[in-house]
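With these hints in hand, go ahead and build the complete structure from the sequences.
Chains as they are written, first to last, in the UniProt record's numbering: chain A, 1 to 748; chain B, 1 to 130.
None of these hints come from the bench; they were simulated from the model.
Heads up, some of the hints might be wrong.
Claimed, not checked - Covered by chain A, according to a simulated footprint, are these stretches of chain B (three or more residues, beta-carbon under 8 Å):
#1 14 to 26
#2 32 to 43
#3 96 to 104
Claimed, not checked - Which residues of chain A face chain B? A partial, calculated answer using Cβ under 8 Å:
#4 Ser44
#5 Leu55
#6 Met59
#7 Trp543
Using N, Cα and C, we set each Cβ at its ideal position, and we do this for glycine too.
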Amino acid sequence: MEGGHLNDNLEQLSLESIAIKDSQDDVWQDITELVDKGTQELSSGQLLKPAYFTLFDAMTSIEVMDPRLDMGMLSKEDHEEIAQWDIQRKLNLHEALWISLQMFRCEMTWHMSASLLQTIYTCNYFTQYSMDQMVGEEESDNPVRDLVLYPILVGTGLCCRYVWNEYGRENVFREEDVHFGAVSPHFFDEYSQSDALRLLDVAQAYLEQKKDDEAAQQLLVLVHVRRHWLQGLAWLSSDDGNERALEELARLQQVEWRISESGQCVRGVFDRKCMRRYPSAAPTKPIELASIEKSYQTLVQMARDLHELLGALEQARSVEHLMYIFQAIAIRSPQPEPFVRSVVMSAFERDGRVRGSESLESFARRAILEVAAAPTKALSAVDGEMARVLADWFRTHCQNGPRQRRIALKYLGMWDAMQAVAEQNDINAYGGDPSQNPFWTSSWIYLMKLLLLEEGMLAGVRLCVYLDYEMPLLFGYLTQVLEAHVAHIDRMLSFVAQKSDQQPRAMQLLRWRASALAQKELCLAEWLIAHACERLNVFVAPWHKHSGSQSALQAALRLDAEPAQRARYALRLRAMSMLGSPSFLNFDGWKATVAQLDECRIADLFEHASAALLRARMALDDGRRHGSSSSDPELAAWEAAHKPVYHAVLANSVSLSKLLQSHVFATAATAELGVTGDAAQRNRLSLLNADLNAAQGMQPTTNKKKLKKIKRERQWRDDVNKLVSDKLQISWSTGKHPDWPIYTFIDP
Amino acid sequence: MASTDIFEYRIYEKESDLEPAMALIDQDLSEPYSIYTYRYFVQQWPNLCILAFNKQADKCIGVIICKLEPHKTNANEYFGVNKTVLNRGYIGMVAVDPQYRKQGVGSSLVMQALDAMKKQGADEVLSERC
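The following block contains the structure:
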């Protein structure tokens with residue numbers, strides 16, 4: 001004990017008191033009583049530690065007999081359960097059904113990012129390396145085990161092996177999507193796919209003889225599901241097997257899931273504490289296995305997602321089409337499982353080839369030609385680095401939600417650096433006059449960077465990164481970015497329009513323009529509504545939700561003051577401030593932008609928002625019209641990528657229309673809502689100061705004018721609060737398409 | 001410590017504060033920490049462990065656990081060429097009960113922790129993910 005004296009019992013436990021030997025002659029001693037006596041004299045919270053006890057030491061320690069960490073600790077019940085295990089047990093069909101269903105739950109829970117050691121490896125039949133030679137043999141004296149259960153388990157093992165190999169491609173993130181752990185997996189490696197399929201045939205033949213047995217019929221369902229999933233995975237892992245994989249996945253979805261009972265429990269088969277056999281694996285949090293129904297839904301959803309997404313990839317011809325597909329994957333809610341996302345990414349790019357045939361460099365060239373409508377001669381400067389960054393653009397869309405946002409904002413720097421180099425190359429090729437230089441390559445890079453920036457910002461809404469009081473800033477800034485986006489495309493179009501032979505490619509730019517314009521108008525509407533909500537005290541910063549205590553008021557004043565506002569602005573928009581383009585709107589510029597709204601009454605803000613939504617709808621219709629010349633799958637992909645925008649535009653249009661028709665703003669009482677944004681902020685500050693003075697026990701002012709002003713300000717604030725609570729209940733949610741808030745205005 | 005109508009904030013005081021803090025953090029982390037990890041922080045930097053309580057429910061609903069120690073660094077423009085040791089703060093864990101999220105509790109905990117570290121001379125503060 002630092003600075004203290006160890007009692008005799010603890011002295012004996014000190015590492016310095018005995019010579020530590022590491023030999024076979026060591027005799028283990030039970031020190032429980034010694035530790036108990038020694039620690040009796042310590043007071044609660046008192047700590048004994050070596051002088052240098054590092055964070056690493058702390059994190060690698062375990063608390064002996066803590067069931068969360070001490071994997072070797074087995075209770076009496078655990079011992080009893082483990083003792084029940086008997087591989088020679090003669091199983092009946094109901095028991096085989098129970099074991100198979102539990103394994104199915106384990107497998108699907110593993111897909112939901114659980115550890116192998118908490119799922120698949122808990123099954124003793126699975127981890128028993130030396131299998132009985134009678135597996136699959138009709139002469140077996142344990143036919144249910146050898147002709148039914150083991151075929152299903154071997155099939156499961158091979159499916160897991162294919163999935164494991166796919167994860168080995170590292171398309172999804174280890175610690176967030178997939179739990180690898182320090183385990184070298186074994187998935188019945190001695191069996192090939194044809195062995196597994198043969199065994200499943202044997203199981204099917206055995207079960208079909210028992211048509212009257214309900215358990216047999218349900219096991220047959222599991223055999224069919226296993227076969228189609230196994231064959232689908234096998235085809236997916238081959239270079240050109242996607243078409244056959246889609247057929248198997250379609251068959252899997254058609255299998256009727258007639259599972260009505262869970263079978264008969266067999267004790268000892270599943271060892272939930274199997275982690276004790278893998279001391280190098282870090283302990284994980286206890287989990288609950290997914291239910292049978294949830295497991296089936298997960299499998300079917302994976303099959304459905306794979307079928308849909310791989311099918312869409314097969315049909316995509318243009319880079320634009322591929323981009324829509326991946327954008328739609330990114331915004332899907334709920335997200336596809338990690339395995340699905342990994343397979344989609346592998347189907348897109350593997351070993352430097354796009355869809356098995358085209359090199360990444362060639363794909364990057366095609367991207368610039370198509371998206372920027374550039375002439376072929378402009379593409380002198382496409383290199384491997386640019387191609388890899390483009391592949392990463394697609395890969396970002398296949399990550400889990402939080403990771404998508406993180407790496408989107410992180411990759412902006414790479415795109416920014418690439419743009420600077422490409423700009424110089426474009427200047428070398430076409431000269432420095434911007435009115436003459438189309439800047440083909442750097443324009444394309446800028447376009448891709450803008451898409452990534454916008455997606456990164458909107459992902460924050462989806463992930464609930466922002467509190468409601470930040471919505472005006474978020475959507476206000478995003479409006480500026482999208483305005484820059486539209487202006488950029490207009491510039492690109494001006495060069496394309498000069499060349500009549502580029503007209504077909506101009507259509508693609510027009511679609512991108514329609515998309516950016518629709519989002520810009522929607523963003524503008526969201527900004528105006530959020531700004532109105534802020535003025536109406538609906539969106540309130542957390543430090544304003546206080547009791548009126550002195551410290552809370554002081555904190556509120558400090559956090560409302562300009563230095564704190566500047567700091568928050570800089571922090572929230574840090575990723576944008578580090579980019580060369582679009583030009584970063586600094587805090588003073590932002591204040592000037594917001595001041596433009598100052599002349600608008602709250603009613604005006606809602607009307608302008610409604611008009612913006614109408615323009616957004618027109619832009620979306622334009623986009624569809626420009627897309628009508630594309631193939632049906634391409635148009636469908638465009639619509640899927642823009643579904644959240646459509647939904648937000650329509651839902652908010654309806655809400656605003658009801659609000660504006662309700663005449664809430666027509667009464668005399670609401671005429672006071674003409675107070676401007678700047679005045680609203682001054683009002684808030686003035687009341688804060690008055691409240692703080694009161695909390696500090698200061699004498700109220702005797703200046704009648706000031707008293708009257710404060711009274712009037714309080715009355716205004718009370719009127720607004722009453723209006724909102726009595727007449728205009730505003731709420732917002734993100735719901736099914738979480739990128740864009742949907743507002744509801746209820747006039748009771 | 002700042003307080004509101006509903007929430008009260010205070011620093012770690014005693015061993016019994018550890019249990020609710022651990023329960024909150026264990027709920028959300030992917031891997032369990034042993035008690036030694038918590039003790040490593042709170043024994044050395046008790047005033048950098050801040051807890052948030054719901055006054056009405058008398059329940060711990062948020063916690064932040066940090067540390068602050070010297071860290072060798074290369075000379076750089078920002079801190080000056082002569083400064084080779086920085087006081088580096090580190091936010092180890094932050095957790096808020098899901099029921100009380102989106103009410104500014106996490107932000108308050110972080111801001112109070114940063115204030116405390118600044119008062120103790122922190123030059124920089126890191127967290128796991130930025």
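Is the coverage entry for the region 96 to 104 of chain B by chain A consistent with the three-residue Cβ rule at 8 Å? Our answer is that it holds, as 3 residues pass the Cβ test (under 8 Å) against chain A, meeting three.
When the least beta-carbon distance from A:Met59 to chain B is tested against 8 Å, hint result: With a minimum Cβ separation of about 5 Å from chain B (threshold 8 Å), the hint on A:Met59 holds.
Minimum beta-carbon distance criterion (8 Å), A:Ser44 to chain B: Interface hint status for A:Ser44: holds (5 Å vs cutoff 8 Å).
For the restraint on A:Leu55, tell me whether the closest CB of chain B is nearer than 8 Å. It holds, given that the least Cβ distance between A:Leu55 and chain B is near 6 Å, below 8 Å.
Evaluation of the interface hint that places A:Trp543 against chain B, nearest CB under 8 Å: 7 Å, holds
Just to make sure I understand the rule, a stretch counts as covered if three or more of its residues have a C-beta closer than 8 Å to a C-beta of the chain. Does the region 32 to 43 of chain B meet that for chain A? As far as the region 32 to 43 of chain B goes, the hint holds, because 9 residues have Cβ atoms under 8 Å from chain A.
Quick check: the region 14 to 26 of chain B, covered by chain A? Criterion 3+ residues, Cβ under 8 Å. holds (count 4)
Checked against the numbered hints above, the structure breaks none of them.
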